[in-house]
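We have chain G already, so just place chain D on it with the hints.
Protein chains: 2
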Amino acid sequence: METSKEMQMNNIPTKASQKFRNFPMVPRVVFGNGSFDQLGDILLTKRKSSDAPFIFLVDDVFENSNLHSRIPRIFSDQIIFISADEEPKTQQVDALVRKIKESYLEMPSGIVGIGGGTLLDLAKAVAILLNNTGSAADYQGWDLVHRESVYHVGIPTISGTGAEVSRTTVLLGPERKLGINSDYTTFDQVILDPELTKGVPKEQWFYTGMDCFIHCIESLNGTYLNAFSQSYGEKALDLCKEVFLDDLPDKESRNKLMMASWHGGMSIAYSQVGVAHAMSYGLGYQLGIKHGLGNCLVFQHLGEFYPEGVVIFDQMRNKHKIQLPKGICATLNDNDFETMISIAMGMEPLWENALGPNWKSVITPAKLRSIYRKI
Amino acid sequence: METSKEMQMNNIPTKASQKFRNFPMVPRVVFGNGSFDQLGDILLTKRKSSDAPFIFLVDDVFENSNLHSRIPRIFSDQIIFISADEEPKTQQVDALVRKIKESYLEMPSGIVGIGGGTLLDLAKAVAILLNNTGSAADYQGWDLVHRESVYHVGIPTISGTGAEVSRTTVLLGPERKLGINSDYTTFDQVILDPELTKGVPKEQWFYTGMDCFIHCIESLNGTYLNAFSQSYGEKALDLCKEVFLDDLPDKESRNKLMMASWHGGMSIAYSQVGVAHAMSYGLGYQLGIKHGLGNCLVFQHLGEFYPEGVVIFDQMRNKHKIQLPKGICATLNDNDFETMISIAMGMEPLWENALGPNWKSVITPAKLRSIYRKI
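From first to last, the protein sequence lines stand for chains G and D. The first sequence begins at 2 in this note's numbering and counts up one residue at a time. The second sequence begins at 2 in this note's numbering and counts up one residue at a time.
Incorrect hints may have been included.
Identical copies go unnamed one by one, so any copy, or any two together, can satisfy a pair.
Stated by the list, open to error - In silico BS3-like pairs for lysine-lysine, Cα to Cα no more than 30 Å straight-line:
id	residue 1	residue 2
1	K16	K90
2	K49	K100
3	K252	K242
4	K199	K20
5	K199	K327
Don't read these hints as lab results, they were simulated from the structure.
Chain G extracted, bound-state conformation:
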């Protein structure tokens, strides 16, 4: 298939094209502490044959953990442990797909992603690429996938990205950091087991939770918003406030953050993220900074665009004594800044959502550079 820049440009969602989108929801969901153990029974009904394996893509922090031993591997199923230290990459997807195709005569029965946004996004992309030719990079954009993906299951082990419910998988490609946005991206099955988020380190918990908080602020303050997305965004925001500002018992806090992530992901259905995500994409591409942290690094300086949101963000940060790293952009040269700025400014729907069709009158390369310089 052709994947010229023009085609992608044609598919970029505008407020108008987004308006009556026939939104794909996750058709099956299990919720509950301990619900992970339903996975075996769920997969059993989806096995095509004993030669068509399930491939489990699992965050490598779980290698030799209790969770590892609970993965219901049978027949020729395979567990592949993957580090989530770096953002997921198109080449990584291509390599995984090649490896899986070389290892088996039959197409897998399905892909199961177990981990945070990185693992969930990899699982979605591998499921797509197993059934679509070429490289993952060919499908970065909007609605470029034309053949359905193989059955895929998402099991989040950290809350906030919304990757478990969204129709995108955001990948770092050779040319850009951009999602494969398509109806075939959405998981066929999700298991929401808040217990799995028990051991998450505090900083990671905060940064990933803030991904949810920030995309709710962006969605609720965006020009794309309608009543559908608003209702989900408001609920996710309420839950984030409970989790990060109140003093909830641990279990309740885990439950609520998992639901915040879910509703936050849904709030993007008819909406979009905004300034923080656009600029965070630049940081991710240029410096490999992980998405949640990147959002926080940018968002702290966005009082001009999201005044109330930034005040609440500061309260949350102070309450949990989170020190954001400083001087991230100190050593960058002009070329680096230009690349970051070009990546960020390329996210047109995000800017249009944040600031309306005339966003270019506000957002200039100089403006973005001045914000990046503070980081």
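Quick look at chain D alone, frame taken from chain G:
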């Protein structure tokens, strides 16, 4: 298939069996004022052949309306107008299925329900019975349907029942008023177009909206509740309060009530309704009283079970100057009361949700009779 009472008893959901339910969500949803006009394009991709029609089951208030002319009927498609003056019945479903099967050589491409809870429930049940033998009454209960339904689309024209998103279709049968609760009941596609709710008469708007309000109160105060259902129930409740207690512009009010209905329906995923619904089922069976009104008639007298909810209900009723009918049960004899009480007490999961496993120590026939007598 066998549908003995025992089988049904075995499938009655308990708090334990409900715990890790793999919940089916509507896999496709469109939201927006004017989104009804997407229906033609959506159906086009689902047509099996020009001889496999779409059957539109439509509330007869729309006969010769503007909406009638916008229904995208082509080939041998058929529009069947149905009165929603009475609760949907199993015999009505059976008759519709017979009529459709006699009229066409091929199985329909799908069923489209356009209307309130009655029409949506009929559409769901017809879609199931087209692919399953016997009578609709055979499937009243929990998880008795074993063959998937034909493709079916739900388009609500009044907000509150949650029928657009739930996995049940509640029918009045020869022996009982009870839902066909199954994974095959859920719609394959929903179109949420708040504009369609424009001409709803005030009383109907209120009673149907209160269906949502009341099942949120029941769900949030139930013993089955988990964090998944709670988050949806809280959002639906917030939206109901905005709609019925604040002074929103009409369009915003319609948008928000449609989302309240959606989230309210989802809040039942891992939960259940309670006292008002159980007793309203009795009124529906014995007197044919419609579900929304029946809930209100019961709920006003439930201060003992839902003290805060009844206070808010009274505020809403006063604000909108709604006079509930009186003396409904005045002419009933002992036999009538016994039937109603037996129907209501048969709704075991609802009572267990409302009052816990020892509900029978609180709820006796005499207790229910004393409440019914006030109505």
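Against the structure, the hints:
In this assembly of identical chains, K16 and K90 lie within 30 Å of each other by CA distance solely inside one copy; the values are 28 Å within and 43 Å between copies. Within a single copy, K49 and K100 get their C-alpha atoms as close as 20 Å, which meets the 30 Å cut-off; across copies the closest is 38 Å, which misses it. For the identical chains of this complex, K252 and K242 are neighbours both inside a copy (16 Å) and across copies (29 Å), given an alpha-carbon limit of 30 Å. Taking the closest pair of Cα atoms, K199 and K20 come within 30 Å of each other only across two copies (20 Å); inside a single copy the shortest separation is 39 Å, beyond that limit.
When the C-alpha separation of K199 and K327 is checked against a cutoff of 30 Å, the pair qualifies only within one copy, where the shortest distance is 28 Å, while the shortest distance between copies is 54 Å.
In terms of the numbered hints stated before, the structure departs from none.
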